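Visitor: Chains as they are written, first to last, in this note's numbering: chain A, 520 to 927; chain B, 1275 to 1431.
Hints in this document: simulated from the structure, not taken from any laboratory. Predicted model only: the values in this text are computed from it and were never measured. The beta carbon of each residue, even a glycine, is placed where N, CA and C say it ideally should be. What you were told as hints is all true, and nothing was included just to trick you.
Here are the computed lysine to any residue pairs in the SDA-like style, where the Cα-Cα straight-line distance is at most 20 angstroms:
#, chain 1, residue 1, chain 2, residue 2
1, A, Lys551, A, Met593
2, A, Lys551, B, Gln1308
3, A, Lys606, B, Gln1308
4, A, Lys785, A, Ser767
5, A, Lys551, B, Ser1396
6, A, Lys551, B, Val1312
7, A, Lys551, B, Val1395
8, A, Lys551, B, Asp1366
9, A, Lys611, A, Glu565
10, A, Lys760, A, Lys786
11, A, Lys551, B, Arg1325
12, A, Lys551, B, Tyr1326
13, A, Lys796, A, Asp729
14, A, Lys760, A, Val726
15, A, Lys551, B, Glu1350
16, A, Lys551, B, Ser1414
17, B, Lys1382, B, Glu1338
18, A, Lys551, B, Thr1314
19, A, Lys551, B, Arg1402
20, A, Lys551, B, Ser1324
21, A, Lys551, B, Thr1322
22, A, Lys551, B, Gln1407
23, A, Lys551, B, Thr1411
Away from chain A, derived, C-beta distances all over 12 angstroms, residues of chain B:
#, residue
24, Gly1327
25, Leu1333
26, Asn1369
Covered, in the sense of this in silico footprint (three residues per stretch, anywhere, with C-beta under 8 angstroms from a C-beta of chain B), are these stretches of chain A:
#, stretch
27, 545 to 557
28, 588 to 600
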Amino acid sequence: MKRSLNLLTLLLLFAVNSTALFAQQSDYQIKKDFENRHAELLTNIEMAQKVNEIDSLIMVIDDFKSNFSEHSEMLDYALYPESFDSKVANLKSEARSSEHKLLIIENQAERLSELTEEVTRFRSELSILNSRSDSLRNAFTESQESERKLSQLVTRYRKSVEERDEFIFDMVDSLFVTYNQLAPGTIEELSKKDGSGTIKSGDNPLVIIDSILEENIETLKAGSNTFSTEDYLRIYALQTKVNDVWKSIGDNLVEIYGGNDKAKWKKSIESDLKDWKSSASLSMWNSLDGYLEQKNVELGAFDNNSSFFKALDSFVSKASKKSDEEIISSSTYEDFKTFSEFWTTKVMDEWNNYLVESDVLTASQIATIDSKVDNWGDNSEPFPTSLLIIFGIGLLAIIGLIVALIVK
Amino acid sequence: MKYPRISLFVFMAVLLFASACKTFEVKNVNYAQQVESVLTPTDNGDVTDSRYGIAFNILPFQYEEMKDSSSVLVDEVRLIRNQNGFYFITADGFNNVYVMEPINSGLKLKEKINVTEQGLVSPAFNLRSPFVQLIDTATSETFTLNEKGIKKEESKS
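Please take these sequences and the hints and turn them into a complete structure.
Guide: Given below as structure tokens:
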């Protein structure tokens, strides 16, 4: 407001005094006056913090131009190699450029404000989901109910954690979209604005992220007997996503919301991310190994993405080769059916999104194995019994015919 | 008789050629400087106008005005050139405008125009072709000058 009033005063003073000023001035003084006012306007453009300030300045520039236009010929000469028009055009160009930047910053500040509201909503929703999951976990831990009721509680708990994880997936997507596209200069502006403590600590995205990490580390510790392999895969995919998003926008978030504790925030969140990653990774690979063992699929040892793919590839290739070598008998067909069920229902369907999102298996690796599984299926399929009977009857008929011909 | 005639012919030819060379000139050259130069003297009194390519010492002018060239007493030297190529030079505290004609490696006084007896407070030149306007911005006095002197005193407050 004060700045706008100053601009208005500048405009009025300029309009009223300019004619009087030129009355007994030397051309040299007019040139100096032009240069001084040009420099003053440039400074005002650089210092402007709002679009409406720039709009007022554009009006001042128009007046500046009309007030000096009667001296344009002299100024063209005096300002050589620049000219009156080029100096005015330069001011307008700077004003437009500044207006464009301020528009971006204002839009982003608006988006940021919306996001802060969204973060508040995230915080309360996450709190509800966390407390629901915690109470369910406590309920089945302390439950003396029947096995059937206990199982229902565990199922509800898992469903609750799943809902919470899906919510976090959406939330980090939203954070990523907002903070990854901040224009140059915006981070500094927002940092000045929000690092000053105007944002409530509960609405600070860093607080929310930190609480998500701590809650998930705790969930992994507490849920070892209740989670399925799919749950662990989802949690692993979630931590991969949060990790990726943090790598992209973490520095921006720390710069904007870190206040005076930027280094502390960065260290704390990165340490929690590391703990969550190692915990989620260990749990997921153990669970996957246990699941395959339970299904009698002997893949061999694996504990990371690369060794898992190699184990799968080697298992399917060897099994397919073995099936190919069997001509009549089909002892490997049962192995194929077991593996195929795991592959089709789990890898290709229920787990597919989590496997790909967390890079446990890439889409091309899944396609490679899938093709080999199809090949294995063709090789291991037993010779159909009906064809064997027809073949036997045909053979007997031929032998009978030959015998009949010899007897005759 | 034959040789004197040839010598006369050669002499006439050389004379004709030399006179032809001497008369080569371009008319209607406009030397006018549209905006005055405001030059700050160094401690030695040297002023340099890098845009128009002239450098000289102000102390002879100062001596002419104040009979003192022991140190530089003017803050700014005002200089403008009219369309005929004469330099108009003055400074704060001067009573006169010096109209100087460029000569070989020097400036020669063409006219010393007395404009005041109290000394100019804040002089400035404007080119108003074919004249040069002198304003004392402190007193709002204006003078219209050419290389011959004051054309007409327009106003005096």
